[in-house]
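Novice: Starting from the known structure of chain R, arrange chain E on it as the hints suggest.
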Amino acid sequence: MGLLLEDRSKDILNRNGITIPDFITATTALEACEKSLDLAFPVSLKVLVVGKNGSVNRVVRHASRPEELQAIAALIFSRDIANRQIERIMVQEKPDVHKSLYLKFCIDYISHEYQIQVGLLDGAGSNRKTDFKPIIERLNPMLGLKDGIVKRIWSKAGLDGPELFEVCQITINLFSLFTGIDANFIELNPLVFSKQGTLIAEHSTISIDDNAMFRHPELEGLVEIGAERLGRFLSNLEKHILQLDMEDNNQGTIHLVEIDGGDIGFMCGGGGNYMLFDSLLKFGGRPANYSEFCGNPNSKKISGLTKAILSKQGVRGLFLAQNITSNTQLDTVAQAVVESMKDLAIDLPRFPVVVRQSGANEEKAREIFVKAGIEYYGDEITLVKAARRMVEKMSEAYPGYSEEGYLNWQY
Amino acid sequence: MAILVDHTTRIVIQGITDKERSMVIRHSIHYGTKVVAGVSPGKGGQFVYGVPIFDSLRAACRENQVNCSLICEPPESVSDAVLEAIDNNIKLVLVSTVNLPVHDTLRILNMAKKAGIRLIGPNSLGVINPRDGVKLGALGGDNVERSFVPGHVGLISMSTGMTAETALMVKRAGFGISTCIGIGSDPLIGTTPMDLLHLFQRDEDTYLVVVFSEPGVNFDDSIADMLKNKQFVKPLIYYAAGRFLERMPEGYILGNPPPVLGGSSLDPSQKVAKLRGAGAYIADNYDDIIMLLQQVMVH
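Which chain is which? The protein sequence lines are R and E, in order. So the first sequence is residues 1 to 411, counted in the numbering used here. So the second sequence is residues 1 to 299, counted in the numbering used here.
One chain only, chain R, in its complex shape (with noise of 0.2 Å):
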């Protein structure tokens, strides 16, 4: 799940022929300044961040006049959202609204269809009040989007005469877009008409499936993947690891996402993360990330993961766990994952390790971690089981280690 940040949707819009307001994006209020000279005030300032919810922008402020504009320009980059700085922000030109509409394209991930939904704003706000119901209609995917679908759907939401057929080709525009770029949605929220009769997609968010990016170099660099999953920008550790899984769409899955705090590195793979990480924190256990690998990640993948997770300053241990792997060769995981510790110069005999893997190649796999002093178990014990060793270890190697219970436990 990949966002798009608002300069960027914006991008992709116009050069799909859907009018966007001038605009320009700016590192400091002074490059903000002078940039915006260019532009007819009133203008919006948007902050180009990830948000709650994976929004793309939040409209900070309207400026009238370029004085106003330096102000609200020079507060912004003083303050940080999320404890991240503001990196950049964008200036649009604010049009004068005689119409506001919503439009958006979606998965309806319950009829297994896509999802268009419209309607009409109140007159000239931007955004859409909270009681606003969009009128949704599904499309078959095998159908697609129908021009009398989109005059239907549009009369229905009040519509009429010249305004309507220029409505209905934008529609049909973003629709070709939606589906050419293998976006998750597309929302346009608002598309106004402007008193001068002009149609402008006023504010924007995109989301792009990252899993269909091998297939959209156009996109490389401009997507913020992973971000609407996480609400924030990914770290640049979560995005080394992201590259690296992407290296090789078929040699298995890695994922780490950093979590402040916690001691325990979480390396488990499979399908049994959310209940491992459940039980860890049950038994006083402190996970200092999370993470996944499953499929058949190959040595590099594996070896990355491990120094990333070990990378982490205040990490005092690593729980290494898997659900019963069918196709996962347990002796490259082990492989990989002790050369890495070798690199690392972490001291195995005191350092708590624990591990629970149980599949293909697993003799070579218990052998591999046995001889390098790490304790390790077979299907002979649960999931659960191993948590509880793990915190044990824990509790062994650091005298007072908490066993508190997961109650303690915060994010």
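Quick caveat, the hints were computed from the structure, so don't treat them as lab data. The beta-carbon is built from N, C-alpha and C at its ideal position, and this holds for glycine as well. There are no misleading hints in this set.
Keeping only pairs whose Cα atoms sit at most 25 Å apart, straight-line, the calculated DSS-like set for lysine-lysine is:
(1) R:Lys364 / E:Lys19
(2) R:Lys239 / R:Lys300
(3) R:Lys146 / E:Lys114
Quick look at which bits of chain R chain E covers, simulated, 3 or more residues with Cβ under 8 Å:
(4) 103–115
(5) 135–146
(6) 179–192
(7) 201–215
(8) 324–333
(9) 356–367
(10) 381–391
Specialist: Here is chain E on its own, set in the frame of chain R:
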């Protein structure tokens, strides 16, 4: 009797030749499954562990009686592979491919529905019927009997990886599996738990069903409705992983599946409350599955 696969199942594997996919053939044949052909364009005439390889599915079906396909193609080739399976009238298709683009998934699900084909997956690890020694997919690996022994417990796993692990819990409890299905952990899948519960309800060999659920999927409302409406009346044991997510910031998703439109909240506690109210046996801890099985099966 079993659901989906049995001793009459004859499998073709589309996308067969690399090391990992060849391993699936080897494990399946060793288990006793009838893998009758493989398809890999350009490799026609070769054999992999005694299984003939064909350049096209049409050629494979012409020379063998195929009624089931396992698709292991890379993501960019899956749509074409499903279309080929439809063109050759194969009624059961399992897609094991991971990371399939969502628009492609929508297309193949709609193609399959229109053609009347049962499609399992994508991102499914497989289906197993231990009594008949049939496994479709990588499920069970090279040691199927470690987790899967014949019995009367149906197993539906919404987690690819936890399928064999949960089957082992059934075995630890002293019971075995009638049919086990990894439905795929993507938010868009071809065969839902509700589809399978209907099949299990009619299966005389299944006395009880265990369901492993994870955040990111949202079938719980529908399952609860089935229980309330007596569409499924056999005992149902349910475990929902991921309760720690309730303490994370709103909208924060750690794992791979994205949110699903509609239905109830993704909150595991709400899921279990709903199902408990509908009469399901809820395992609050994963290891409780063993105790619940022993309690319920005794009755």
